[in-house]
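With chain P's structure known, arrange chain F on it following the hints.
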Amino acid sequence: GNSVTQMEGPVTLSEEAFLTINCTYTATGYPSLFWYVQYPGEGLQLLLKATKADDKGSNKGFEATYRKETTSFHLEKGSVQVSDSAVYFCALSEGHAGGTSYGKLTFGQGTILTVHP
Amino acid sequence: NAGVTQTPKFRILKIGQSMTLQCTQDMNHNYMYWYRQDPGMGLKLIYYSVGAGITDKGEVPNGYNVSRSTTEDFPLRLELAAPSQTSVYFCASLPRAGGYNEQFFGPGTRLTVL
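Here the protein sequences come in this chain order: P and F.
Quick note: the first sequence uses our numbering, first residue 1, plus one each step.
Quick note: the second sequence uses our numbering, first residue 118, plus one each step.
This is chain P alone, in the form it adopts within the complex (with noise of 0.2 Å):
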């Protein structure tokens, strides 16, 4: 079955700090790739997603490019705010339009980031 792993947590940075959290993934067939941030109180948000192999998600300053060959989807970000400070999910849906996958998600355990000034 799919898999999602993410690294062991949490991730506590000073504010301008570099960030990377490790994201490796077992999937059959060529799965999208998704990050999802939670901020503290609040459901799920997109933060950027790929869809294909060698694809760069980004927004808010974050990155992840989808790795076939290590399969991995790493989230990357130059300069961290204390606003970013969040749980970060990795995770992977199979299939492309038209499969049997229905959209489902597979979770990572999810990776807490505090962010101090």
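It is worth saying that the hints were derived from the structure and are not from the lab.
Nothing here was measured: the structure is a model prediction, and the numbers come from that model.
Accuracy of the hints is not assured; some may be wrong.
[Said to hold, decoys possible] Below, in silico cross-link-like pairs of lysine-lysine (DSBU-like), each with a Cα-Cα straight-line distance of 30 Å or less:
#1 P:Lys52 / F:Lys161
#2 P:Lys68 / P:Lys56
#3 F:Lys161 / P:Lys77
Just chain F now, kept in the frame of chain P:
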């Protein structure tokens, strides 16, 4: 659009009680999902629906039931609450088939079973 709404936000149940978690979306999405989030864990799929009248089990369906009588609503039923069902529950929707599409999440329901 309100997006995906869930009620209640918080609930405390006693063991053996039953309740229904409500989920409504106003985006005319065909696909809807229920996930649970346990502390330190990712989200696990409980049930999903691909349209009105069609539901199927996810990874952790035991102890739950769902129905989908309309496109908008996808309630989750707990019949005999157990402490193991203490969790945060998220409802989500997806506009159409295609794994590359984004799921939209509700704000969650925090349930405690004592």
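Structure-based check of each hint:
1. Of the pairs offered as hints, the one joining P:Lys52 and F:Lys161 holds, with about 24 Å between alpha carbons and a cut-off of 30 Å not exceeded.
2. Distance check on the hinted pair: P:Lys68 and P:Lys56 sit about 12 Å apart at the alpha-carbon level, within 30 Å; holds.
3. For the hint pairing F:Lys161 with P:Lys77, the CA-to-CA distance comes to about 27 Å; that is within 30 Å, so the pair holds.
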